[in-house]
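A.B. asks: Take a look at the letters that make up each chain.
2 protein chains.
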Amino acid sequence: MNYPSKLLNEIVDEISKLPGIGKRTALRLALYLLKQPPEQTQSLADALLRFRNDIKYCKICNNISDTEVCEICQDNSRDHTLVCVVEDIRDVMAIEKTGEYKGVYHVLGGIISPLEGISPSDLSIDRLIQRIQNQNIREVILALSATVDGDTTNFYLYRKLTGLPVSPEISTIARGISVGEELEYTDEITLARSIQNRVPFNKTLKSKDNN
Amino acid sequence: MNYPSKLLNEIVDEISKLPGIGKRTALRLALYLLKQPPEQTQSLADALLRFRNDIKYCKICNNISDTEVCEICQDNSRDHTLVCVVEDIRDVMAIEKTGEYKGVYHVLGGIISPLEGISPSDLSIDRLIQRIQNQNIREVILALSATVDGDTTNFYLYRKLTGLPVSPEISTIARGISVGEELEYTDEITLARSIQNRVPFNKTLKSKDNN
Chain A
12 MNYPSKLLNE IVDEISKLPG IGKRTALRLA LYLLKQPPEQ TQSLADALLR FRNDIKYCKI
72 CNNISDTEVC EICQDNSRDH TLVCVVEDIR DVMAIEKTGE YKGVYHVLGG IISPLEGISP
132 SDLSIDRLIQ RIQNQNIREV ILALSATVDG DTTNFYLYRK LTGLPVSPEI STIARGISVG
192 EELEYTDEIT LARSIQNRVP FNKTLKSKDN N
Chain B
12 MNYPSKLLNE IVDEISKLPG IGKRTALRLA LYLLKQPPEQ TQSLADALLR FRNDIKYCKI
72 CNNISDTEVC EICQDNSRDH TLVCVVEDIR DVMAIEKTGE YKGVYHVLGG IISPLEGISP
132 SDLSIDRLIQ RIQNQNIREV ILALSATVDG DTTNFYLYRK LTGLPVSPEI STIARGISVG
192 EELEYTDEIT LARSIQNRVP FNKTLKSKDN N
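Protein sequences appear in the order of chains A and B. Numbered according to our numbering, the first sequence spans residues 12 to 222. Numbered according to our numbering, the second sequence spans residues 12 to 222.
To be clear, the hints were calculated from the coordinates, so they are not data collected in a lab. Some hints here could point you the wrong way.
Because identical chains share one entry, a pair is satisfied inside a single copy or across any pair of copies.
[Stated by the list, open to error] Straight line, CA to CA, 27 Å or less: simulated DSSO-like cross-link-like pairs of lysine-lysine:
1) K17 - K28
2) K214 - K70
3) K28 - K214
4) K67 - K28
5) K214 - K67
6) K214 - K46
7) K46 - K28
8) K214 - K17
9) K34 - K46
10) K28 - K113
11) K214 - K34
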């Protein structure tokens, strides 16, 4: 588009580099900021720079953190022998929200994706292996998305971890129909898998105490 | 949501202040920036501040501009006696894109909207009146959105401008069915209005030379 101002052009270009934001939305956001007090833009710009420059990754679990070691890894009430492997911080937050998990995490920073050019070396897999070799870890839970890339990464990790001299127990989160979901609308693969992987009914009764 | 980092919390808060962006999208954008080189965040922050602090409003037409007087108002090949009144810069850009309009603009900066608390004094109406009184203006075209607020503003401006000692001709952009639109799917009010405001057929033939 032909903007009547270089400054406007520049800001629309910059904002529309963000994923899912097109030129039209970028223009709307820029014009919105123009109608707000300058302080709002200032604090947005400040927060952006502070976030990008000062954020740290926990040196134990690779999660986003304000400190060298994140709050979860510092928490002694947690079970540090139980490590849940996730893709990114959003998954940590999702699991934390359940309030059911008392172990610690390992954040891969992505999943193996040949299509997006993400290979194992781009992820914090080496650090996971080091962690397993140096710390006393009883069980690793693979909690990646139920997608082709997630399955690939699960399998890659499984192979790597079982090949270690001292290998922890390796589990993966249960897949099946969601709570509240109707069988009729469940896709065939999920349904077939949840029949294959059926569990003794009495096990589901005490599942709340199982972690 | 409970973020494990104050910096993340802060940036998500700031980004989600923007219209149409919720906490979840804000988190996605923040994590995206974290995966890009720091230079991208730096140039976004710089562009935001430059835009908000250095942008000017043309002192003639009130449009966004890098200079005191915008390019359109500086352009001597345009007809400065013909002023098109629009809501904001997006409308200027939309009309400019047609390539059919050779007059100049007056940007109100909004439309009268009791629901959103925008009154005539919040808009550059006084400057439009000054402009009409000081310059030689032959015609004012009211080109506001075809909404209740647009109609209200049109009517308010019509009353104001016709009350001036020397009043220019006042017109409004034609409303009717869009080019390419099928009658069957046109709403009743638009269809009724376009029948009421029907134009001699031969006038439509030469409409391209009429501005």
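A.B. asks: Against this structure, judge whether each hint is valid.
C.D. replies: These are the hints, each one checked on the structure:
no.: 1; hint: K17 - K28; verdict: both (17 Å within a copy, 25 Å between copies)
no.: 2; hint: K214 - K70; verdict: neither (37 Å within a copy, 75 Å between copies)
no.: 3; hint: K28 - K214; verdict: neither (49 Å within a copy, 46 Å between copies)
no.: 4; hint: K67 - K28; verdict: both (24 Å within a copy, 24 Å between copies)
no.: 5; hint: K214 - K67; verdict: neither (40 Å within a copy, 68 Å between copies)
no.: 6; hint: K214 - K46; verdict: neither (59 Å within a copy, 41 Å between copies)
no.: 7; hint: K46 - K28; verdict: both (22 Å within a copy, 13 Å between copies)
no.: 8; hint: K214 - K17; verdict: neither (65 Å within a copy, 39 Å between copies)
no.: 9; hint: K34 - K46; verdict: both (19 Å within a copy, 22 Å between copies)
no.: 10; hint: K28 - K113; verdict: neither (38 Å within a copy, 33 Å between copies)
no.: 11; hint: K214 - K34; verdict: neither (53 Å within a copy, 37 Å between copies)
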